[in-house]
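S.K.: The lines below spell out each chain.
There are 2 protein chains.
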Amino acid sequence: MNSLTIALDVMGGDYGPSVTLASASKALFEHPNLNLLLVGQQTVIEPWLTSQTASIQQRCQLLHADQVVEMDERPVSALRTKRQSSMRLALEAVAAGDASACVSAGNTGALMTMSKLILKTLPGIERPALITALPTMDGGRLHMLDLGANVDCDSETLFQFALMGSAMTQVVENIPQPRVALLNIGEEEIKGNDQIKQTAQLLQSCDDLNYSGYIEGNAIFMGHADVVVCDGFVGNICLKTCEGLTSLILTSLFPKKQLPKWKKWLIGLVFPGAVKLKKAMNPDQYNGASLLGLRGIVVKSHGNADVGAMAAAISEAVLEVERQVPKRIADMLESALLGN
Amino acid sequence: MNSLTIALDVMGGDYGPSVTLASASKALFEHPNLNLLLVGQQTVIEPWLTSQTASIQQRCQLLHADQVVEMDERPVSALRTKRQSSMRLALEAVAAGDASACVSAGNTGALMTMSKLILKTLPGIERPALITALPTMDGGRLHMLDLGANVDCDSETLFQFALMGSAMTQVVENIPQPRVALLNIGEEEIKGNDQIKQTAQLLQSCDDLNYSGYIEGNAIFMGHADVVVCDGFVGNICLKTCEGLTSLILTSLFPKKQLPKWKKWLIGLVFPGAVKLKKAMNPDQYNGASLLGLRGIVVKSHGNADVGAMAAAISEAVLEVERQVPKRIADMLESALLGN
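Read top to bottom, the protein sequences are chains A and B.
Here the first sequence stands for residues 1 to 340, numbered as in UniProt numbering.
Here the second sequence stands for residues 1 to 340, numbered as in UniProt numbering.
Bear in mind the hints are in silico, worked out from the structure with no lab data behind them.
Treat the hints loosely; a few may be bogus.
Claimed, not checked - Footprint (simulated), chain B over chain A, 3 or more residues, beta carbon under 8 Å: (1) 142–155; (2) 158–168; (3) 237–245.
Cβ coordinates follow ideal geometry from the N, Cα and C atoms, glycine included.
Only chain A is shown next, with the shape it has when bound in the complex (with noise of 0.2 Å):
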């Protein structure tokens, strides 16, 4: 196993860097070949690391950031004024070979916008697409994209919203042919806008794709499709409802004072659907959207994750390395877009 190493924006998300290091020690501990760059302000990353076992702080580079990109700032405003922020210096560190992947909980629009800039879009690619795996009825994932990097959305960025999706879920999944479906208000060909309507004609046309039809918000997780394309606005609204949803569900099912043993265990005995449920849905196993369509791999932690949750998203990453994802998706896109 190579190893490799991944840049973390130890600044970045709700809770900085008392959750992004806590989370580097977890990734690191869980990954034996990964590397870190910690990437923020040495006076914070500095006492962690000497505070470190040996074997830590050998495998831990710290590159010092002066700016904060803060979490409600203008994407454009980071970009002019935030050169030398702790998410900008990560996203450089990839662009220049010293890390293979970004991770960061930062700003969402601000991510995507140095991103685009830094590491520059794929061949045939305009806007890069977060997307994300979901749990399914039958045990399996699908992929959604885009959760929120692009607001508006022509029916050709949805297009190439579902190029991207195919491809990744093909290289992550190992399914050759993924199934891609077009989130919309009915499944019939007259329902939806005209932006959608039109998307459906340019993936009904497309040979590489293995497109199934228009897909309802009731039907995504039910396993009939692997790859869900939509725009920023509704997947980042679905996405966050479907977490609401099942917050409120977990909560009135396992209320926050801790349970006695023995109840547990009757719970358990009597009602092992619960027991699952609870494990299946822990939403830490989720965390990691992947920006698509770069020339590099940039992965964006939820904002107000936790440890575990932010060391699923340095997972991500870490599989994404070891998968070569940008690379295989650039092949898979150039017979699609650019071949034809």
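Take the given structure of chain A and dock chain B to it, following the hints.
M.R.: This is chain B only, laid out in the frame that chain A set:
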């Protein structure tokens, strides 16, 4: 309690008369003041009617309709060619004053288009919207619109939705100043597309609204808002995604095979949250979305509603008739839209 008459589109929905007629019985039993105008094919309704008790027969009237609007028919084509359809005749009965409301589980687009033509919109309202109530974590309810009647909405339309949703919530929930939130991909002012930002400005500057700002998908169910405003494309996908996820969770918790009684009893004892949740999440009680902004009451049931869910939609119509929803909304809109 004054008696009231509701026109029921017997032919509408995925299951047609087999569900609508059974739900008619249920609704008549639940509401002693209810009379029904059963609109549909005589050869289907008459045999059912003659099998009923004399008192039920007295409270039902049959209105024969030659045609049926298909579920996948284009609204414009239904408008032109289905002048004798059960949907259209049910709406015309409301316009003529023969019924106080129309309930249909048929084609949403056709119902919307026909309603607008036959019943007309309220003064100042351009396009009707679909609104429904959803449960919140704190045991309350929120009202969300639009849920699919309008796939493209400009900021003025979304503003009108906010006014109507606020008025509706005042009337049916007895909340003097409902908190109105705009669904967006972030809570910060910079988030969202132009249409959302323009709508926020309109909402902020309206004295008749208690505007509480942007709301993200994950916060919908937290009880932070009484009214959630979005365009019909986003609303439809968001609602259906919630339905799909709920069904996934309920199926995994309570598999289809019947549990033995002792096990149910044991689950109730050690795990009351699960039983409470199952009851709270029963989608039947949230069936029945109202088409708001018309000079009459139209309630749209889910196409695949079963008897209980369809009866809930009829109950929603009964409530709106009793509370005189369109009249009270018109009064409130007058000050907000026309009085200023």
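S.K.: Taking the hints in turn, state whether each one holds.
M.R.: Hints, verified against the model:
With 3 residues having a Cβ less than 8 Å from any Cβ of chain B, the segment 142–155 of chain A passes the three-residue criterion, so the hint holds. Under a criterion of three residues with beta carbons nearer than 8 Å to beta carbons of chain B, the stated coverage of the segment 158–168 of chain A fails, only 0 such residues being counted. Given as covered by chain B, the segment 237–245 of chain A passes the check, having 9 residues with a CB less than 8 Å from a CB of that chain where 3 are the minimum.
In summary, the structure is inconsistent with hint 2 from the numbered list given earlier, while agreeing with all the others.
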